[in-house]
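Asks: The sequence shown begins at 5 in our numbering and counts up by one.
Hints in this document: simulated from the structure, not taken from any laboratory. Each hint should be verified, as a subset may be incorrect.
What the hints assert, rightly or not - Within a straight-line C-alpha distance of at most 27 Å, the following computed DSSO-like cross-link-like pairs (lysine-lysine) qualify: (1) 180 with 122; (2) 180 with 91; (3) 91 with 193; (4) 120 with 185; (5) 180 with 123; (6) 173 with 187; (7) 173 with 91; (8) 180 with 120.
Here the structure is a predicted model, which means the values were calculated and not measured.
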Amino acid sequence: MSTVTSCTFLSIRPTVSSAGSLLSKKPAAFVSLASERKSRPLSPCFAISSNKPGDPKIDVSPFSISPVVLVNPVPVDGERWQVAENKDEVSLWFDVPGLSPADLIVEIDEDVLVIKKKKKASPKSNYNTPTSGAIADHQEATADEFSGGGIYARLLLPAGYSREGVQAKLTSGELKLTIGKVKESVRRKINVDISVK
Numbered sequence: 005m006s007t008v009t010s011c012t013f014l015s016i017r018p019t020v021s022s023a024g025s026l027l028s029k030k031p032a033a034f035v036s037l038a039s040e041r042k043s044r045p046l047s048p049c050f051a052i053s054s055n056k057p058g059d060p061k062i063d064v065s066p067f068s069i070s071p072v073v074l075v076n077p078v079p080v081d082g083e084r085w086q087v088a089e090n091k092d093e094v095s096l097w098f099d100v101p102g103l104s105p106a107d108l109i110v111e112i113d114e115d116v117l118v119i120k121k122k123k124k125a126s127p128k129s130n131y132n133t134p135t136s137g138a139i140a141d142h143q144e145a146t147a148d149e150f151s152g153g154g155i156y157a158r159l160l161l162p163a164g165y166s167r168e169g170v171q172a173k174l175t176s177g178e179l180k181l182t183i184g185k186v187k188e189s190v191r192r193k194i195n196v197d198i199s200v201k
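Turn these sequences into a full structure, and let the hints steer you where they fit.
Replies: Put into structure tokens, the structure is as follows:
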């Protein structure tokens, strides 16, 4: 059996938050409300799908796709998505049962390929309640995007892929994305003469 012979409470010392607070004893002029800001997720790329109970033909398990799958495309087995690569392009297949082309958005946001279900239009209330605002909007958008076999995937589109060469095709509940590769320019050497002065 061991006994504690001494202990130090960390709360005895005053806390120091920054050098600026040591110089001024005035309270902060404003408080940042991080929950009121709409920002991108911490990771620039991710994939998710809902797994709510309901119709087994529509409600399926979440995607477990790596956000950097296009950096090193490796075929996988037993997933709701597949990837295949050849010398000219990379193809991705997603199982999205119950969705039509009008339900899906495929876009490129800087260096990220975004595949998502369109949000349903929802009536907005004109009065401000505690549940309204950015948090409620995010909850409604999340419920709309991820319900009923939805998809939301953000995949890093590395150099070497053509941003203009992305094609999408939906056939029988399977979304196929084809991303063309940029042709590597022929390397050429140029000899530079060194002059002496």
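Asks: Look at each hint and say if it fits the structure.
Replies: Checked hints:
1. 180 with 122: With a Cα-Cα distance of about 17 Å, the restraint between residue 180 and residue 122 holds, given a limit of 27 Å.
2. 180 with 91: Status holds; Cα separation ~18 Å.
3. 91 with 193: holds (25 Å)
4. 120 with 185: holds (23 Å)
5. 180 with 123: Holds. Residue 180 to residue 123 sits at ~21 Å (cutoff 27 Å).
6. 173 with 187: holds (23 Å)
7. 173 with 91: Given pair residue 173, residue 91 holds - Cα atoms ~21 Å apart, limit 27 Å.
8. 180 with 120: holds (13 Å)
In terms of the numbered hints stated before, the structure departs from none.
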